[in-house]
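K.L.:
Each chain, written out:
Number of protein chains: 2
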Amino acid sequence: MTNRVFNFGAGPGMLPTAVMEKAQREFMDFKGIGASIIEISHRSKDFEELLNDTDRLFKDLISLPENYRLLYVHGGAQMQFSAVPINLMGRTPARKGLYVDSGRFAHMAAQEAQRFGEVQVIASSQSTNYDHIPEITPDMVDQDAGYCYITSNNTIFGTRWNRFPQTGTVPLVADSTSELLSRKTDINQFGVVFAGTQKNLGPSGLALVIIREDLLGFAPKETPNLLDYATYHKDHSLTNTPNTFAIYMIHLVLEWLTGQGGVEAMEKVNNQKAALLYDLIDTSGFYTAYARPQDRSIMNVCFNLPGEELLNRFLKEAGAQGLYALKGHRALGGVRASIYNAMPLEGVRALANFMKTFEQKNG
Amino acid sequence: MTNRVFNFGAGPGMLPTAVMEKAQREFMDFKGIGASIIEISHRSKDFEELLNDTDRLFKDLISLPENYRLLYVHGGAQMQFSAVPINLMGRTPARKGLYVDSGRFAHMAAQEAQRFGEVQVIASSQSTNYDHIPEITPDMVDQDAGYCYITSNNTIFGTRWNRFPQTGTVPLVADSTSELLSRKTDINQFGVVFAGTQKNLGPSGLALVIIREDLLGFAPKETPNLLDYATYHKDHSLTNTPNTFAIYMIHLVLEWLTGQGGVEAMEKVNNQKAALLYDLIDTSGFYTAYARPQDRSIMNVCFNLPGEELLNRFLKEAGAQGLYALKGHRALGGVRASIYNAMPLEGVRALANFMKTFEQKNG
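These protein sequences, in sequence, are chains A and B. If you read the first sequence in my numbering, its first letter stands for residue 188, the second for the next number, and so on. If you read the second sequence in my numbering, its first letter stands for residue 188, the second for the next number, and so on.
Just so you know, the hints here were simulated from the structure itself, not pulled from any lab data. Check each hint, because a few of them may be wrong.
DSS-like, lysine-lysine: derived pairs with alpha carbons at most 25 Å apart [unchecked claim]:
hint: 1; chain 1: A; residue 1: 408; chain 2: B; residue 2: 408
hint: 2; chain 1: A; residue 1: 209; chain 2: B; residue 2: 408
hint: 3; chain 1: A; residue 1: 232; chain 2: B; residue 2: 503
Looking from chain B toward chain A, a few residues come up when the C-beta cut is under 7 Å (computed) [to be verified]:
hint: 4; residue: 203
hint: 5; residue: 215
hint: 6; residue: 390
hint: 7; residue: 428
hint: 8; residue: 445
hint: 9; residue: 448
Beta-carbon label-pair distances, calculated as ranges [unchecked claim]:
hint: 10; chain 1: B; residue 1: 281; chain 2: A; residue 2: 506; range: 52 to 62 Å
hint: 11; chain 1: B; residue 1: 445; chain 2: A; residue 2: 517; range: 56 to 66 Å
hint: 12; chain 1: A; residue 1: 544; chain 2: B; residue 2: 233; range: 41 to 51 Å
Virtual Cβ for every residue (Gly too), placed ideally from N, Cα, C.
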């Protein structure tokens, strides 16, 4: 077997080693047909079966309520920054979207939405550089709006919503790119949940969109066909050729996740992994966590060291020990350990041990 | 080695076996970094080098003129059915696109464009079910239009443009999904050439767009950010995470193609492959070619047999002999042999031999 590093990259991120091995084994020949999964038609029986089974696994894992639809949409999460306002602003005459500015991607989503109608930022943590999740009370949610938009986990700053806001009849929309399937979540709280697939689900170049059925059909007629959720729904996401490799890989990841005991079991391990790092940081006096304790992400752990010189040495020595891609996002600096579902507890333990030793030598 | 079939599927299609083998070998570990190419950041040095080298290989292979840009765009060819009018209709006050309706995909593109402005179909071969390419004379091209749109190779009906129309100052736009890099083409004839990647270039879920630089910047402000060509140009196609696996596979395919002697050498083999089938069909009295001789595609060879019963037996027996996915598109029926760059001459010979034997037994 290859000598794989522990990959703490924020995305495209590490995939489970067992999944990667299976994909490698059957790369030249999918189910004995003599061709790769990437070389066969999206309208072939073999691919349709795969797509249907991916649906089934996903719906089971997330306990998808009957009145929700699952779409496989082109373009990653950022395409949804456009698709959400295009599809939902027309739900009410106000043509308005509410945004909670809890990080860089929420900010970008709000900017993008301005192309399509009125945008109201109802709360922001920008003034403290997104170190926490703003508080939302029901009176802040204008009931004439088409939707209320949040980023459920902020990859760059390592914060997440622990309790989702109450938005009344206004559908709550969540960008869950960096945490979908990492914790048990009641989908009934949302109108739309979407995720770029390159963090917790598979490779890049695709987004999963979960949408409540009654929210389909509000896109105006000048909507590009492949940005209209109703198109994907009507065609079971096969309007044109989807990213078949990504769907195949997601299928393998969902099979793996089911084998691990599902989302609940995964959440337990994820909590353990995150606690291991946060506890070490909080008791160290050397490392400093970035996010306020009550809003900390269990997927992206952001922290810093006392000074740039130590930080650079930390990143260099970690890299040399097979702890890969720990450098924080350029918007924040410091260290970011992305510990998605695929990161084993063993990898986090290796990082924790490295951190302890590094502190002893340099603290 | 795996027992690979000869895959005549129209797309996602066969990729060169040498490319598939290399991808399989390094699937778990890209260049010794201990992670897969699909598990690393699109902003990492390793990926940026790959992207730059893909650019270089492509530009060399196609002799891309200095004033053209190469973009890697989300969503496959059908997203371009929207992107082309969005980006080019605003080039002139008329907000108008001209379309040549030479097949199903050209027809769909013209329909989609109606969302964004005026569409004028200047010629069509629909009345004879697209068995030829309509003739275009310069006087048919309204010089006030933003662009003139063609499908350079019609995958479903097996026709192609052998000489491209003269459109004066109106930029010619070509959907070359099923033939890019299969024949020597002077890019200077075009304003835009695009191709979904899943036929001659790599796996699905991405499009390459070649655009003359002066055509950037005409998208209206209500354009979804990731449908604006200027966005991709500004960000070197890294606005968000692209389909990194597809780019990696395209890089391998372009390396392979360069090793084969480039587009000119490939065109020679492609002509040989197509001639082998068309000659057999034309001299048989049993098989009937679909496309008119002067407009025949060298990528998709469409033909039929005398009667449904023989057709079904043909497809079944071919499949049993490892000649895969020969069934014609549901819009046409019959047989379609897609013989993209990756299909070796050996595979076409195997098909030709099968056809001869089948005719002897059943003719």
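K.L.:
Each hint needs a verdict: does it hold in this structure or not?
P.N.:
Do the hints match the structure? See the list:
The straight-line distance between the Cα atoms of residue 408 of chain A and residue 408 of chain B is roughly 17 Å, inside the 25 Å bound, and the hint therefore holds. Under the criterion of a C-alpha separation no larger than 25 Å, the hint pairing residue 209 of chain A with residue 408 of chain B is inconsistent with the structure, at around 45 Å. A hinted pair counts as satisfied when its Cα atoms are at most 25 Å apart, and residue 232 of chain A with residue 503 of chain B qualifies at roughly 15 Å. Annotation: residue 203 of chain B was flagged as interfacial toward chain A, and the flag is violated, the nearest CB pair being 11 Å apart, outside 7 Å.
Taking 7 Å as the C-beta contact cut-off toward chain A, the hint placing residue 215 of chain B at the interface holds, the least distance being around 4 Å. Satisfaction of the interface hint for residue 390 of chain B is found here, the shortest Cβ-Cβ separation to chain A being roughly 4 Å, below the 7 Å cut-off. A cut of 7 Å between beta carbons decides the hint on residue 428 of chain B: the least distance to chain A is about 4 Å, and the hint holds. Below 7 Å, beta-carbon pairs count as interface contacts, and residue 445 of chain B has none with chain A, the closest being about 21 Å; its hint is therefore violated.
Taking 7 Å as the C-beta cut-off, the interface hint given for residue 448 of chain B is violated, the closest approach to chain A being about 23 Å. In this structure the supplied range 52 to 62 Å holds for residue 281 of chain B paired with residue 506 of chain A, their Cβ-Cβ distance being about 57 Å. With their beta carbons about 35 Å apart, residue 445 of chain B and residue 517 of chain A fall outside the hinted range of 56 to 66 Å. The beta-carbon spacing between residue 544 of chain A and residue 233 of chain B, approximately 28 Å, falls outside the hinted interval of 41 to 51 Å.
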